[in-house]
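S.K.: Sequence order for the protein chains is F and P.
So for the first sequence, my numbering puts the first residue at 1; every next one is plus one.
So for the second sequence, my numbering puts the first residue at 1; every next one is plus one.
Don't take each hint at face value.
Put simply, identical chains are the same to the list, so a pair is met inside one copy or across any two.
Said to hold, decoys possible - Quick list of in silico lysine to any residue cross-link-like pairs, SDA-like style, CA-CA up to 20 Å:
1) K39 with P24
2) K39 with A96
3) K39 with V185
4) K39 with R309
5) K39 with R98
6) K39 with S120
7) K39 with H27
Everything labelled a hint here was simulated from the structure, so no lab data went into it.
There are 2 protein chains.
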Amino acid sequence: MTAEQREDPVCLADVEAAHARIAPYIHHTPLLSSELLNKRFGSRLWFKCEQLQKIGAFKARGASNAVLGLTDAVAAGGVATHSSGNHGAALAMAAARRGIPAWVVMPENAPVVKRAAVESYGATIVECAPTLSARETTLDAVIAEHGAHVVHPYDDPRVIAGQGTCALEILDARNVLEGLDDLDVIAIPVGGGGLLGGMALTIKARAPHIEVIGVEPAGADDAFRSFGLGELQPQTNPQTIADGLRSGLGVRNFALIQRFVDTIVTVSEAAIIEAMRLQWTRMKTVVEPSGAVSFAAVLEHNERFRGRRAAIVISGGNVDIDRLPW
Amino acid sequence: MTAEQREDPVCLADVEAAHARIAPYIHHTPLLSSELLNKRFGSRLWFKCEQLQKIGAFKARGASNAVLGLTDAVAAGGVATHSSGNHGAALAMAAARRGIPAWVVMPENAPVVKRAAVESYGATIVECAPTLSARETTLDAVIAEHGAHVVHPYDDPRVIAGQGTCALEILDARNVLEGLDDLDVIAIPVGGGGLLGGMALTIKARAPHIEVIGVEPAGADDAFRSFGLGELQPQTNPQTIADGLRSGLGVRNFALIQRFVDTIVTVSEAAIIEAMRLQWTRMKTVVEPSGAVSFAAVLEHNERFRGRRAAIVISGGNVDIDRLPW
Numbered sequence: 001m002t003a004e005q006r007e008d009p010v011c012l013a014d015v016e017a018a019h020a021r022i023a024p025y026i027h028h029t030p031l032l033s034s035e036l037l038n039k040r041f042g043s044r045l046w047f048k049c050e051q052l053q054k055i056g057a058f059k060a061r062g063a064s065n066a067v068l069g070l071t072d073a074v075a076a077g078g079v080a081t082h083s084s085g086n087h088g089a090a091l092a093m094a095a096a097r098r099g100i101p102a103w104v105v106m107p108e109n110a111p112v113v114k115r116a117a118v119e120s121y122g123a124t125i126v127e128c129a130p131t132l133s134a135r136e137t138t139l140d141a142v143i144a145e146h147g148a149h150v151v152h153p154y155d156d157p158r159v160i161a162g163q164g165t166c167a168l169e170i171l172d173a174r175n176v177l178e179g180l181d182d183l184d185v186i187a188i189p190v191g192g193g194g195l196l197g198g199m200a201l202t203i204k205a206r207a208p209h210i211e212v213i214g215v216e217p218a219g220a221d222d223a224f225r226s227f228g229l230g231e232l233q234p235q236t237n238p239q240t241i242a243d244g245l246r247s248g249l250g251v252r253n254f255a256l257i258q259r260f261v262d263t264i265v266t267v268s269e270a271a272i273i274e275a276m277r278l279q280w281t282r283m284k285t286v287v288e289p290s291g292a293v294s295f296a297a298v299l300e301h302n303e304r305f306r307g308r309r310a311a312i313v314i315s316g317g318n319v320d321i322d323r324l325p326w
Numbered sequence: 001m002t003a004e005q006r007e008d009p010v011c012l013a014d015v016e017a018a019h020a021r022i023a024p025y026i027h028h029t030p031l032l033s034s035e036l037l038n039k040r041f042g043s044r045l046w047f048k049c050e051q052l053q054k055i056g057a058f059k060a061r062g063a064s065n066a067v068l069g070l071t072d073a074v075a076a077g078g079v080a081t082h083s084s085g086n087h088g089a090a091l092a093m094a095a096a097r098r099g100i101p102a103w104v105v106m107p108e109n110a111p112v113v114k115r116a117a118v119e120s121y122g123a124t125i126v127e128c129a130p131t132l133s134a135r136e137t138t139l140d141a142v143i144a145e146h147g148a149h150v151v152h153p154y155d156d157p158r159v160i161a162g163q164g165t166c167a168l169e170i171l172d173a174r175n176v177l178e179g180l181d182d183l184d185v186i187a188i189p190v191g192g193g194g195l196l197g198g199m200a201l202t203i204k205a206r207a208p209h210i211e212v213i214g215v216e217p218a219g220a221d222d223a224f225r226s227f228g229l230g231e232l233q234p235q236t237n238p239q240t241i242a243d244g245l246r247s248g249l250g251v252r253n254f255a256l257i258q259r260f261v262d263t264i265v266t267v268s269e270a271a272i273i274e275a276m277r278l279q280w281t282r283m284k285t286v287v288e289p290s291g292a293v294s295f296a297a298v299l300e301h302n303e304r305f306r307g308r309r310a311a312i313v314i315s316g317g318n319v320d321i322d323r324l325p326w
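Modelling step: build the complete structure from the supplied sequences, incorporating the hints.
M.R.: As structure tokens, this is what we get:
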């Protein structure tokens, strides 16, 4: 291992170890395709369906890896996190699987469907004001009271390695799935950067010729700005329907993204909603706004995908079906 | 082959031949499971996701088998059918694939989403009044004018054999999928009986210990009544949200169902809607009312599934997402 490689907070071996650890506890999600969408967008698209993952989002991967890797002594105190939703449900599920308590700090305005998911796994929800500082103060109080071990939603090497396993499954499918003999590009949503960072390092270690595109809502474009400037920029006042992507980029995540991501593009709210609707009507899967941003890039930046073979990571499907944006 | 076996309009060899013929042109749909639903219903459930099939329903199987099996001379004249929707789209797709014309007779009140699907494959829609006799008269006129070959939606051995391929995929998965070492029961929607008849004969030929349950809306219960009386009963004035299951049972289909199905149960409209909603919220897949009746049986006849390993066939997902029943 060279000095340069040692600088990365997570490496391919961590992702491979994570996959071996979590594989019995997560779904190996399908790659689905549609001839109609291929024709419409002039590409060959495979959708990696993480909305069909346990808890309805890729977050099951990272949280499972973190919780399953704890020593018994640490695990005994339980785990805690702050989360607008999917990571909270994922941590609650992983903790329930291991038989340990979990506390999830959630903003008061978190979607009902995401609260219900956390509760369904028996975790304790601790409410806070919808600001990052309120989240952190409340989490500190939980730790002080219960001595729980914190699993950050994205800025944590174990979580990043877990999310990276999604890339292993796509890469391994290349020689198995008809037509998917190789890929030109993989599009991945970016919020805090756990999924994009973990997947990008995995893709570049295994198949460096594949272009890695991060996709972010234009209304929450801190990753786009940070990537362009080469310096971590804060997320200020995010305005997007994609509630899972309002977080600011993590420090470790940004380091991986700088090193392994080829480009980051932003998408409009209209494209996110149209992409979401196309997934529902054409792919027959329930996709949340955050989960649809990668496909929104195919709509809004079509020149990057036309004539190419692309894997599009659909990251989650936890949406209130009684409050749809159309 | 015994005399008794020769009486069946379709046999296992036909289904196996159909699978070899259509496999390159259809999706091998996934079997998805949910621990939350397993816990809630006290069963181990695997959902066979035919809403993720091409054209969003299992009908792609039977129509592809029929169209791909035509001689070039017959195929040259094109194909025609009457259909409330999914079979029409399936025939249109199969015809487009083979490069031949297709005419689809549809009732004026067919769902917009199902009309659009037929049109998207380049088939010609011929409208008629929403009665069986109007459908048949209109279809006769289409045949007289164009000389097209008719592919009936369900009472056709080639279609039945094609639908039976869905059972082959479930049975072949038993030794591959974790936990699915064997099945106790398979629940299958019944409308015209193409899917139920084709799957039941396949299951009983390959794994006769598996119980086969047909599921029908209580408001369109001709199969339930026919099965109970041992004589084909007409479908009169069906009243159900499950628009794909309003057809009367076919003659060939009834013969297969009598011989190979263990029981038929009916489900209420409330159970269908609740089952549909649970699929959307828990499985993150878009399911149409007809596609959810098999799962509705798990809700409403839970004693038949409790403590057992069950495959639940979700037959389709073509629903207008702007007009949901909740």
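S.K.: A separate judgement is required for each hint: does it hold in the structure or not?
M.R.: Now the hints, each set against the structure:
1. K39 with P24: Answer is between: at 18 Å across copies they meet the 20 Å cutoff, but 37 Å inside does not.
2. K39 with A96: between (44 Å within a copy, 14 Å between copies)
3. K39 with V185: within (18 Å within a copy, 39 Å between copies)
4. K39 with R309: within (13 Å within a copy, 40 Å between copies)
5. K39 with R98: The answer is between: 17 Å across copies meets 20 Å, while 46 Å in one copy does not.
6. K39 with S120: between (41 Å within a copy, 11 Å between copies)
7. K39 with H27: Cα proximity of K39 and H27: across copies only (17 Å, versus 29 Å in one copy).
Checked against the numbered hints listed earlier, the structure breaks none of them; every hint is satisfied.
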